[in-house]
Amino acid sequence: MSEPRNMSEPRNQPPPNYLSRRVQRQMLLLVLSLGLVIFLMFEAAKPQNWAWLWQTGGQVEQAEPSVDTRFSPPPRLASEHDSIEMSQNNPPPGATDTRVDVPRVPGYFPGVDPTRLQQVRDNTLFRRNETVWYELLNLLAQTPLTELYGASPEPVGFLQLFQQPDEYRGKLVQLSGSVIRAHYVVDQGNPQDIPGYWQCWLFPEGSRNPVVVYALDMPSGFPEGMEMREAVTFVGLFYKRWVYSAQDGARIAPMVLAKQGEWTPTPAPAPVSLPSPMAITSAVIALAVIAGALAWLARGPRKTRRDSASRRSIHSSLSANVEPYDARDTLRPQS
1 MSEPRNMSEP RNQPPPNYLS RRVQRQMLLL VLSLGLVIFL MFEAAKPQNW
51 AWLWQTGGQV EQAEPSVDTR FSPPPRLASE HDSIEMSQNN PPPGATDTRV
101 DVPRVPGYFP GVDPTRLQQV RDNTLFRRNE TVWYELLNLL AQTPLTELYG
151 ASPEPVGFLQ LFQQPDEYRG KLVQLSGSVI RAHYVVDQGN PQDIPGYWQC
201 WLFPEGSRNP VVVYALDMPS GFPEGMEMRE AVTFVGLFYK RWVYSAQDGA
251 RIAPMVLAKQ GEWTPTPAPA PVSLPSPMAI TSAVIALAVI AGALAWLARG
301 PRKTRRDSAS RRSIHSSLSA NVEPYDARDT LRPQS
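Numbered per our numbering, the sequence shown spans residues 1 to 335.
Do not take every clue at face value.
Unchecked claim - Just the calculated beta-carbon pair ranges, DEER-fashion:
no.	residue 1	residue 2	range
1	Pro103	Gly249	40 to 46 Å
2	Ile38	Thr146	51 to 57 Å
3	Ala246	Leu159	17 to 23 Å
4	Pro219	Glu154	20 to 26 Å
5	Glu43	Gln188	56 to 62 Å
6	Met27	Gly225	56 to 62 Å
7	Leu30	Gln247	56 to 62 Å
8	Asp187	Arg121	17 to 23 Å
9	Glu167	Pro103	20 to 26 Å
10	Pro223	Ile285	29 to 35 Å
Everything labelled a hint here was simulated from the structure, so no lab data went into it.
If you're wondering where the values come from, they're calculated on a predicted model, not measured in any experiment.
Ideal Cβ placement from N, Cα and C applies to all residues, glycine included.
With these hints in hand, go ahead and build the complete structure from the sequences.
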């Protein structure tokens, strides 16, 4: 005889009622959770989302200290000591080979005459008769670009040129950053017969202040305008701290003379392709189906709720009327 089953033992659970609101809500949450996990997996596979954890370009750049570039005294025109008037001791009009005329001085690029640089004054405006300016431009025009880069120019930023103009005047330096404004200036009748030059406003990397670069030439296709952001590297000679007119008054910016900038063109944005009519129709149908399914799940079948309540009532009444059964009662002798 088989042993009677203990009523306290758990019975086999019936399969879930997939038509009940509770089960449907659980299934919907599972589907949404699965979709969220898949979305996060795709996002985690993108390297740019983890760029904040490390720096691929080396050490983190230190923020430039705040520098006051305002020019408090009223700007004065360059005095007789700031520029060199034409005289019998100065070179006559017309381009001259500066590299041959000037002896090599240690610490300076070949062709730079430090004695001429002593007449340059910082915190002054620019005058067209500053022949030292044109002599340096002529030197750059005569020097191949490969020779300038091969002379190991010192990488500098705004702060070094702004705070140590005497140390860097006439020295070969290298600046990299973003040009935000550039235009070509025609200059006729100057002592070195230089036809013109580019005026570029460069924000060096990590700097909030500009450096004004006058370059004899720029790469083909370089834009010209008042608003841009182009990555450019210049190798040139530092000239002086120059006073310029800004919106809030007179300010000071380092001035560098260069031969030609090395431009890294900004990639053109990818063309935006509009979805086809078939894709739009499919998306609308899919959204309508999803909206209908969510509405049906939110309402829930009433008949299923009534059937579930009826089954619970019958189960409760049976449990109250059925007496516990004990098999030992059948084995007792009848009186």
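Checking each numbered hint in turn, tell me which of them this model violates, lowest number first. 10
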